[in-house]
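With the hints as your guide, set chains B and C onto chain A.
Chains as they are written, first to last, in this note's numbering: chain A, 427 to 733; chain B, 427 to 733; chain C, 427 to 733.
Keep in mind the hints are simulated off the structure, nothing from the lab.
Just so you know, these numbers come straight off a predicted model, no measurement behind them.
Here a beta-carbon is modelled for each residue, glycine too, at the ideal position from N, C-alpha and C.
Watch out, some of these pointers could steer you wrong.
Calculated cross-link-like contacts (lysine-lysine; reagent style DSBU-like; alpha-carbon spacing at most 35 Å) [unchecked claim]:
id : chain 1 : residue 1 : chain 2 : residue 2
1  : C       : Lys710    : A       : Lys540
2  : B       : Lys614    : B       : Lys570
3  : A       : Lys453    : B       : Lys731
4  : A       : Lys676    : A       : Lys567
5  : C       : Lys540    : B       : Lys667
6  : C       : Lys620    : C       : Lys681
7  : B       : Lys457    : C       : Lys731
8  : C       : Lys731    : C       : Lys570
If we take Cβ atoms under 7 Å as the criterion, some of the chain C residues that face chain B in the derived model are [claimed, not checked]:
id : residue
9  : Gly464
10 : Ser492
11 : Glu508
12 : Cys519
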Amino acid sequence: MRHLLSPLDLSVEETDQLLSLASDIEKNRSKYAHVCDGKKLATLFFEPSTRTRLSFESAMLSLGGSVLGVSSADSSSAAKGESVSDTIRVISCYADICAMRHPKEGSAYVAASKSSIPVINAGDGGHQHPTQTLTDLLTIKSLKGHLGDMTVGLCGDLKFGRTVHSLIHALVRYPGIRFVLISPPELKVPDYIKENVLDANHIPYRETTNLDDAMEELDILYMTRVQRERFFNEEDYIRMKDCYILDQEKMKLAKPDMFVLHPLPRVNEISVEVDDDPRAAYFKQAQYGVYVRMALIMTLLEVEKPC
Amino acid sequence: MRHLLSPLDLSVEETDQLLSLASDIEKNRSKYAHVCDGKKLATLFFEPSTRTRLSFESAMLSLGGSVLGVSSADSSSAAKGESVSDTIRVISCYADICAMRHPKEGSAYVAASKSSIPVINAGDGGHQHPTQTLTDLLTIKSLKGHLGDMTVGLCGDLKFGRTVHSLIHALVRYPGIRFVLISPPELKVPDYIKENVLDANHIPYRETTNLDDAMEELDILYMTRVQRERFFNEEDYIRMKDCYILDQEKMKLAKPDMFVLHPLPRVNEISVEVDDDPRAAYFKQAQYGVYVRMALIMTLLEVEKPC
Amino acid sequence: MRHLLSPLDLSVEETDQLLSLASDIEKNRSKYAHVCDGKKLATLFFEPSTRTRLSFESAMLSLGGSVLGVSSADSSSAAKGESVSDTIRVISCYADICAMRHPKEGSAYVAASKSSIPVINAGDGGHQHPTQTLTDLLTIKSLKGHLGDMTVGLCGDLKFGRTVHSLIHALVRYPGIRFVLISPPELKVPDYIKENVLDANHIPYRETTNLDDAMEELDILYMTRVQRERFFNEEDYIRMKDCYILDQEKMKLAKPDMFVLHPLPRVNEISVEVDDDPRAAYFKQAQYGVYVRMALIMTLLEVEKPC
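Bound-form chain A, shown alone (with noise of 0.2 Å):
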């Protein structure tokens, strides 16, 4: 029985494989929508996350499946002070497989150790959410139509945001990836990932805190939030926001074949003015997000690729 609790428990060719389908599923939707019948996933969210519980009970609704679950730790049986390990045997009797994102690092771990279904860590603690990266690794590779050999600009938090590592981890993965690393320096990517990741796999890479120099060498731009509690004083914040705002004014800058990705939610950091611009990607990436999982629900259920 497989899990998936880190973005790399796939390999490259495990991957590949993966993309494929949810490619496939994208092209013939109806071909799969009752290979999962008779399934149940648990989505179970002891930390609330609409978008991330919903991308996954639209994925299993699509296969036919059915789901039951829990939506915040208030209505759980943690609060009765249950463990992680005796909930997932509870859980493992009434669901086949479990999507589970809870506030503690490594309960997605402890989960899978004791479960007799299939887990997906759908988010544990800031630590891992391997599902965003094959979400990410999907909408470029249906965009650009290959996943090797190209410049990726990952601009905004780099310092704490975990998408933006786990995308590294994934990425440096494939042949010919460079990265351009936009951000104030307060948030800079860590050391240990510029040492462990990037160097150790010989990956060529630059800084920047320059948004607006970046954009034309660029093939992918993967924004993030700047949250205003980073930083030390609100002057820094005030006076440096401005740059990582994305707007028409920066698309310009970018080539035709560009495109912006966002994990979302956004708050201010694109311009609402770009939405429309064609090379605007981020809510196609959501759309994407419920394919990846429908590949992801049937390679874990062991369900036959449909003829």
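Just chains B and C now, kept in the frame of chain A:
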């Protein structure tokens, strides 16, 4: 693509078609059990409303579709500062149709403008609640056999009650409607409705503070709650509230084919002894609410009526 | 129309039929995958209980039906002051069967009296929880092959624990049952149960404060939690709690075919080292809970057993 944002979005002809479809659904439920197979309804209730949410969910499930959703603002991306525009664009990737309740007036309109799936306004900030009005129309038509040529009593809080205002707007489109407006002086129908809707359409009506006096002339009595907090002082409330409590004593004054409606929940404005009177139609009304929502979902999804 | 409000609503013969159906479901799950197609279960949990709610939902989904519901009091009409009587009459329009948990004793009875669909009491204010008792009976019968002629140890809080009281009521209806009642002196089975249930039915039992002493004579050990707040003072709690923690040391004293049950969630009254013992049956019990609820839903909906 059509949305339903206001009770008057549908023309009289379209409304009649919808009510006819709802009546056919009532008579032939099994015929409709699979017309929405594979379709997904998102119920986005950023303000809780069990009754309305469950009515939509029951409707979609009865058509063979499935449901995903949010039942409170707490467990939603809204808590992270996401705009309604962004939320609906993401939900458009997850579902085929959306029923949305939001505390802010105009939210449903904003959502519809950005949505790529039909949006049903399930209530926005005390402003509009069109499926309640459609429910009321279906109930009246089913009980009386037609929608015009009757005297309709509206009783209770006629000043703030949005269901009453919407029902007035909807009924004046049918010929031969006459209203009796029964309320305390403080809670009368606002002048702008009397002038712009009743007078402008030459609709006969009379106003009274006395429910007893009105009973015998009514074909329909639409009861609403008089909320204590609407009164300036406690004595006024206590003095007047009993005049607006419907009991069997008052029912004796009514015609044998008069029907009582109420949007529910009721608190004490209809005595429970009235529940067993065959003219009490407020629980049937809840059932009609499911049928009309089934018809609405089919209509907005452009699902063919089965033969 | 039948409801299930109290564990004793079903006669011994009806209970046997239900348990037989549940056993057949366990052995032939796929045979039952569509027997409730098109049927809707409403789960009305005005008091949260993830485990019980999800067990009902899993049961209905496994029968091919669908689910709608409320998982907390906050998001419910109850917050607007609606009576249980009115709520169930509306829910009767939305669903075919209802499982209800409510903090107020007697709520399920009130609901059933006004309902036009079968009502299952899923817990009302510490009073009754009949599907737990049916789960316990199915677990014992499945593990031991029969329900009478055995010594059942009940351990922990025997004073306030409603599951224990219900289980006593249910088991005395089978021949050859003997109880060992294991608890601190403060938490003994109340006299009215000893007199009216045990003595009145000539059921042999003994009381002890020592779990170790009881182990070797038991065929079933039913563990429950000893809540700290039940004790008058902290010293008493600390002095006694260890006597009621089941560990491998104590398991060595038990028969090889003795089974341990627990209604869950557990906190620390069963050491996790016991989980791997083949006699630990508390997670299997959760699985039996789904089967028995499947059988119950079928029975109350009068669904034909498939051939």
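Hint-by-hint comparison with the structure:
{"no.": "1", "hint": "C/Lys710 / A/Lys540", "verdict": "holds, 14 Å"}
{"no.": "2", "hint": "B/Lys614 / B/Lys570", "verdict": "holds, 27 Å"}
{"no.": "3", "hint": "A/Lys453 / B/Lys731", "verdict": "holds, 28 Å"}
{"no.": "4", "hint": "A/Lys676 / A/Lys567", "verdict": "holds, 24 Å"}
{"no.": "5", "hint": "C/Lys540 / B/Lys667", "verdict": "holds, 27 Å"}
{"no.": "6", "hint": "C/Lys620 / C/Lys681", "verdict": "holds, 27 Å"}
{"no.": "7", "hint": "B/Lys457 / C/Lys731", "verdict": "holds, 24 Å"}
{"no.": "8", "hint": "C/Lys731 / C/Lys570", "verdict": "holds, 25 Å"}
{"no.": "9", "hint": "Gly464", "verdict": "holds, 5 Å"}
{"no.": "10", "hint": "Ser492", "verdict": "holds, 5 Å"}
{"no.": "11", "hint": "Glu508", "verdict": "holds, 4 Å"}
{"no.": "12", "hint": "Cys519", "verdict": "holds, 4 Å"}
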